[in-house]
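**Student:** For reference, the chains in residue letters:
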Amino acid sequence: MNGFQQFFYDLAQEHPKWNFIYFYDPTQTERVVDGFWMTVQLSVICVILSVIIGVIGAWIQGAHSKTLRLVMQGYIQFFRNTPPLIQLMFFYFALGQFTPTYSPDGWLEVPIISNVGWAIISLSFFAGAFNVEIFRAGIEAVPESTQEAAEALGMNRLQIYIYVVLPLAFRVSLPALNNNLVNLVKTTTQALAIAVPELLYQMISIYNDYSTAQNACMLLLFIAYIVLVGILVFGMHRWERHMRIPGYGV
Amino acid sequence: MSDTAWTPDQPLVSIRDVHKSFGDLEVLKGVSLDVMKGEVICIIGPSGSGKSTLIRCVNALNTIDRGSIMVEGQEVHDPDLDKLELRKKVGMVFQQYNLFPHKTALENVMMAPLKVLKQPPDEVEKRARALIDRVNLTGKEGAYPGELSGGQQQRVAIARSLAMNPDVMLFDEVTAALDPETVNEVLLAIKDLAQDGMTCILVTHEMGFAREVADHIYFTDRGIIVEHGPPTTFFSEAKDPRTQEFLSQIL
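Heads up: the protein sequence lines correspond to chains X and A, in order. This note's numbering applies: residue 1242 is where the first sequence begins, and numbers increase by one. This note's numbering applies: residue 26 is where the second sequence begins, and numbers increase by one.
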């Protein structure tokens, strides 16, 4: 044990309520690192997928086909109005029964979509439903008259969408998008309900094994999420500033 | 009604018996007028008389219910109309400028030639700079619309429209939203265009300006042209009581 590890080991001996076991027991350290990494991966993938779902969904909401618009409306209502925890469980336990399986070693049958896969799908659709609404609001904020000017300059619908509507809508949407993505990162903790080994799952595992580590684990959880969400917010704010234009937007 | 038969001695814009309703409200009740190449016409009249609607129909921003609008022999009312071809010929400037707020003045002017006509960027930029110079905004190329005054924005809008090299320009109450002190700079830019031989259709409340630059003035009220004539006689010898009343209020 080095000095750092020794310090926390001694601390735990003296004050059993503050057992920072992950600082001196390599096995627990690994659990924390694994959990953190899983949370980061889950967050990044879901953020990206949910934004893509949002952009495509907002485009579908403006489509001519009534059926398409109805399907989109149904999707939004379902995912926005039901708890994400239930969605996760529904995807994994209910839909998971119907997913095809494969057998990598010839013995065990493994479903082609793992619990991590279901968590990504479920959380992306959950946050994506909000993103659709966020982008739609942004698109509606682009004045009709600005689009008309583009039309008068000979632009077609697609050109107007790409060069005028989207760049403006995106700027208006950023603050709301920011909030939703922060929520998404925090909601990834609920993936523990389907045994995704993300940070919360790992921390609970640690203090189930070593009950004296509970306070230390809680502390680490708070700090980890403050840092993680902090990085996201910092990045989004920088982006917002970079995109800011004089006399426009929020 | 052949599309190819147009020659410059025929009206560049020919509006015939145009009717247009929004729901139950009939805003144009059979309007006809001709604009020859190089001519400047002003359409005046009280609010809600259909002036703006009329010029918005000329570049197909509004559809018409009945009648005909020909631009260089091309029927605008045709459902198979090639809108891009029409809009290359017809430029339009709006009351609220409607610049692209996320683009600088220069980028606003360059946008359509680049993205719509797909012209080479360096050539487009050269022309755009010349146009910005022409509307007296040299030095403001890098400014965003939010950093410009109303009058400056409106001049950028004029340059943006000219970048498409139109044959006729439509001005829809372009000074109505401006502060009084910036109205003049915009009117000067338009006057400069008119003197250069650009065909212009203006909807305006600036009677002094109309008197000065217009070749012909049309007075509209409740969807019809009540009276028209050259400015020399129009203002002094208005015959219709509605025209007289309007002019007495405004002059």
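Everything labelled a hint here was simulated from the structure, so no lab data went into it. Please note that a few of the clues may not be correct.
One side of the interface only, derived from the structure: several residues of chain X facing chain A at Cβ under 10 Å [stated by the list, open to error]:
#, residue
1, P1267
2, I1289
3, L1290
4, V1292
5, A1390
6, G1488
On a predicted model such as this, the values are computed, not experimentally measured, just so you know. Even glycine gets a Cβ: it sits at the ideal position worked out from N, Cα and C.
**Student:** For every hint, state whether the structure bears it out.
**Tutor:** Hint by hint, here is what the structure shows:
1. Against a cut-off of 10 Å between C-beta atoms, the interface hint on P1267 (chain X) is violated, since the closest Cβ of chain A lies about 52 Å away.
2. For I1289 (chain X), the shortest C-beta to C-beta distance to chain A is roughly 24 Å, which exceeds 10 Å, and the interface hint is violated.
3. Hint status for L1290 (chain X) relative to chain A: violated, with the closest Cβ pair at about 27 Å, above 10 Å.
4. A hinted interface residue such as V1292 (chain X) counts as satisfied when its beta carbon comes closer than 10 Å to some beta carbon of chain A; here the least separation is about 20 Å, so the hint is violated.
5. Because the smallest distance between the Cβ of A1390 (chain X) and any Cβ of chain A comes to about 4 Å, under 10 Å, the interface hint for this residue holds.
6. Proximity of G1488 (chain X) to chain A holds as hinted, the smallest CB-CB distance being about 2 Å (cut-off 10 Å).
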